[in-house]
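Engineer: As a plain string of letters, each chain reads:
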Amino acid sequence: MTILIETRDVSRAFAVGRGLFAKKRMLHAVNGVSLAVREGEVLAIVGESGCGKSTLAKMLLGLLAPSAGAVLIGGTDARSLARVEIARRVQPVFQDPYSSLNPRRRIADIVALPLEVHRVGASGERRRRAVEMLERVGLPARLAPAYPGQLSGGQRQRVAIARALVMQPEIVICDEPTSALDVSVQSQILNLLMDLQRELGTTLVFISHNLAVVEHIATRVAVMYLGRVVEEAEAGALFGAPQHPYTQALLASALTPEPGLGVPDLGLGPAFPDPLSPPAGCAFHPRCNRRFAPCDAVEPVLQPRAGGRVACHLAGV
Amino acid sequence: MSDATLEASAAAASPDPRGVALRRVAGHAGLMTGATLLAAIVILSLAAPLIAPHDPYAQDLAKRLAPPIWDARGDWSHPLGTDNLGRDYLSRVLWGGQISLLIGFSVMIISGLIGSTLGLVAGYFGGRIDLVVTFIVTARLALPVVLVALAVVAVASGSLLVVILVLGLLKWDRFAVVMRSATQQVRHLDYVAAARAAGASTARIILREVLPNVAPQLIVVATVEAASAILLEAALSFLGLGVQPPLPSWGLMISEAKAYMFFSFWLIAIPGTALALLVLAINLVGDGLRDTLAPDGRA
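Just so you know, the protein sequences line up as chains A and B, in that order.
The first sequence: position 240 = 697 (the working numbering), numbered continuously.
The second sequence: position 87 = 557 (the working numbering), numbered continuously.
Hints in this document: simulated from the structure, not taken from any laboratory.
Glycine included, each C-beta is placed from N, C-alpha and C at the ideal position.
Keep in mind that a hint or two might mislead.
Stated by the list, open to error - Non-contacting residues of chain B with respect to chain A, defined by C-beta distances greater than 12 angstroms in every case (computed): (1) Ala505; (2) Ala528; (3) Leu531; (4) Arg534; (5) Ser547; (6) Pro549; (7) Ile580; (8) Thr604; (9) Ile606; (10) Pro614; (11) Ser627; (12) Met731; (13) Val749.
Said to hold, decoys possible - Beta-carbon label-pair distances, calculated as ranges: (14) Thr608/B <-> Ala669/A: 52 to 58 angstroms; (15) Ser651/B <-> Ile460/A: 40 to 46 angstroms; (16) Ala472/A <-> Val495/B: 42 to 48 angstroms.
Said to hold, decoys possible - Under 8 angstroms between C-beta atoms, here's a sample of chain B residues computed to sit facing chain A: (17) Leu659; (18) Ala663; (19) Ala664; (20) Ala665; (21) Ala667; (22) Ala668; (23) Ala670; (24) Ala729; (25) Phe733.
Given these sequences and hints, build the entire structure.
Structural biologist: The following block contains the structure:
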């Protein structure tokens with residue numbers, strides 16, 4: 458399968474000021490991530506809040522330039538591609554449908570915006586295609602002249618999906634597309650995404666912290682921790698036999714529907730490490746219950762394993 | 471997709487946001503009062519050539535300082551009396567309204583263009599550009615308007631055009647400050663990111679995505695600034711720095727009447743009332759628009 462978009466060792470650091478006179482410090486939101494997205498797959502990127510998922514998504518969309526490394530779109534460095542060219546191939550669906558639609562434009566205009574920017578057809582043709590796309594995502598044509606304020610959260614997310622798909626991009630990057638929605642609407646949106654992915658053959662990058670959702674939709678999963686990919690594998694392999702202790706903890710933390718079981722004890726401790734001063738060696742070692750000699754000194758690298766890659770000293774043992 | 475259709479019918483029943491805004495406007499007593507008053511002043515001033523009983527410059531020295539009709543000695547040939555040169559006061563007040571409105575409107579346009587451009591650019595790009603714009607705004611705030619006007623009039627002599635340019639080129643600071651902070655709030659929203667991801671140009675994003683969403687704040691600042699420009703013109707003309715005689719500016723009329731205020735108080739009271747009513751009307755409209763268009767920005 459051809460690789461549509463690829464990150465080569467990308468990092469992104471932000472200067473964080475702490476008051477007027479304190480020296481600025483660098484926060485490495487994403488740190489040396491190499492991932493390839495192949496045609497037709499659904500790659501899920503999971504990890505807890507602050508692990509760099511959204512920063513990675515912004516770099517894949519070309520909205521944020523990497524501070525090191527490169528994003529390759531169709532084999533070409535994104536920096537040498539025009540914004541319009543990237544837009545034709547990669548489109549986003551954001552987390553919060555209440556802030557991703559311009560409240561002062563009509564639904565049809567919002568969906569037709571990419572067509573307008575790319576000068577596709579005359580305005581009547583654009584409108585027809587926008588309405589067609591709205592119907593495809595399950596919204597009636599009579600909502601076309603409405604404003605976003607008149608729509609529910611689920612409907613708004615459908616509009617955002619229609620806008621992302623109207624130019625028929627190769628890849629759609631969904632950054633937590635369901636986490637701002639009611640539980641009852643979440644499954645509708647997920648099913649819609651899966652249906653559209655099958656019908657249109659669009660490749661999806663699906664960013665989430667919800668493992669139940671990921672298990673439902675993904676064909677391949679990458680687990681991030683403090684800006685690094687710690688494990689990457691086919692969905693079945695990852696959910697069946699997680700290798701990295703962090704992945705194991707994540708899977709164990711996914712709540713089961715049985716109320717008697719309560720919240721599982723992961724032995725992780727409550728502390729999320731400070732991303733401004735990440736621990737030496739393996740970033741996960743202070744929370745890992747299986748650490749041994751090299752963990753606090755040597756940083757593990759991603760190594761191949763059955764159906765994927767894992768960055769853990771245990772894997773080599 | 472039946473759930474979606476259900477949701478849709480529920481949404482379609484909820485009213486159009488423009489309709490909601492219109493109803494809020496109509497239900498706002500202050501806004502309606504201000505708008506009616508402002509409309510009346512605008513219509514009367516614009517219709518001055520048609521309804522003014524006399525030429526505002528025609529002197530009739532035999533009828534100097536004639537009192538208005540509510541005085542026992544008043545008569546209908548000069549309903550608001552005459553000034554110290556025997557010019558019909560009603561005609562001068564009507565024509566003077568044109569000057570006040572012209573100044574308020576043009577200053578609002580000039581300063582609005584300068585200020586909101588600077589504010590939008592600073593707020594959208596941030597970083598160094600923001601620092602530069604903030605510095606320019608601070609430098610501008612260090613210049614007192616009346617002193618600059620004094621210097622300019624000393625060099626270029628006072629005229630309507632000079633007053634408009636001085637005020638227009640000086641009074642953009644509030645536009646810049648308000649537009650900057652409003653833009654900063656909007657530019658981090660996802661619909662701006664979505665437009666960028668769709669490949670839209672920066673100019674397009676600022677004009678089509680950001681500007682419509684900061685327009686309510688812009689309108690509110692514009693009304694406040696128009697009222698303040700009208701008052702400043704009156705103040706400058708009163709000091710002799712603004713509009714020059716014999717043009718009928720309300721500020722100038724007050725200034726010319728100050729020598730007669732103990733015997734013919736209406737010479738000050740009439741243009742003073744007109745000025746107060748116009749500024750009150752504009753401020754009521756501005757307040758009302760803030761309540762109805764940008765309710766979340768209410769202090």
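Engineer: The structure should be examined with respect to each hint, and the outcome stated for every one.
Structural biologist: Results of checking the hints against the structure:
1. The beta carbon of Ala505/B is kept farther than 12 angstroms from every beta carbon of chain A, the shortest such distance being approximately 23 angstroms.
2. Non-interface status of Ala528/B relative to chain A is upheld: no Cβ of that chain comes within 12 angstroms, the nearest being about 52 angstroms off.
3. With a cut of 12 angstroms on Cβ distances, Leu531/B stays outside the contact zone with chain A, its closest approach being about 60 angstroms.
4. In this structure Arg534/B is separated from chain A by more than 12 angstroms, as the shortest Cβ-Cβ distance comes to about 58 angstroms.
5. The beta carbon of Ser547/B sits about 55 angstroms from the closest Cβ of chain A, which is more than 12 angstroms, so the claim that it is off the interface holds.
6. With a minimum CB-CB distance of about 48 angstroms to chain A, Pro549/B clears the 12 angstroms threshold, and the non-interface call stands.
7. Listed as outside the interface, Ile580/B is consistent with that label: its C-beta sits roughly 26 angstroms from the nearest C-beta of chain A, beyond the 12 angstroms cut-off.
8. Under the 12 angstroms C-beta cut-off, the non-interface status given to Thr604/B relative to chain A holds; the minimum distance is some 15 angstroms.
9. Here Ile606/B stays apart from chain A, with its beta-carbon at least about 22 angstroms from theirs, past the 12 angstroms limit.
10. Interface exclusion of Pro614/B from chain A stands, the closest Cβ pair being 30 angstroms apart, more than 12 angstroms.
11. The claim that Ser627/B lies off the interface holds: its Cβ sits roughly 46 angstroms from the closest Cβ of chain A, which is beyond the 12 angstroms cut-off.
12. Remark: the non-interface label on Met731/B is consistent with the geometry, its nearest Cβ contact in chain A lying 51 angstroms away (cut-off 12 angstroms).
13. Separation of Val749/B from chain A is adequate, the least Cβ-Cβ distance of about 31 angstroms exceeding the 12 angstroms criterion.
14. Between Thr608/B and Ala669/A the C-beta distance comes to about 54 angstroms, which sits within the given range of 52 to 58 angstroms.
15. The hinted window of 40 to 46 angstroms between Ser651/B and Ile460/A holds, with their beta carbons roughly 44 angstroms apart.
16. Range check, Ala472/A to Val495/B: about 46 angstroms between beta-carbon atoms, so the 42 to 48 angstroms window is met.
17. With a cut of 8 angstroms, the hint placing Leu659/B at the interface with chain A holds, because the nearest CB-to-CB distance is about 5 angstroms.
18. The restraint placing Ala663/B at the interface with chain A holds, with a minimum CB-CB distance near 6 angstroms, inside the 8 angstroms limit.
19. For Ala664/B, the interface hint holds, since its Cβ comes within 8 angstroms of a Cβ in chain A; the closest pair sits about 6 angstroms apart.
20. Against a cut-off of 8 angstroms between C-beta atoms, the interface hint on Ala665/B holds, since the closest Cβ of chain A lies about 7 angstroms away.
21. The interface hint given for Ala667/B is met, as the beta carbon of that residue sits about 5 angstroms from the closest beta carbon of chain A, less than 8 angstroms.
22. The interface hint given for Ala668/B holds, since its Cβ lies 4 angstroms from the closest Cβ of chain A, which is under the 8 angstroms cut-off.
23. The restraint placing Ala670/B at the interface with chain A holds, with a minimum CB-CB distance near 5 angstroms, inside the 8 angstroms limit.
24. With 8 angstroms as the threshold, the beta carbon of Ala729/B stays out of range of chain A, its nearest partner Cβ sitting at about 54 angstroms, so the hint is violated.
25. Hint on Phe733/B is violated. Least Cβ distance to chain A is approximately 58 angstroms, over the 8 angstroms limit.
In summary, the numbered hints that this structure violates are 24, 25.
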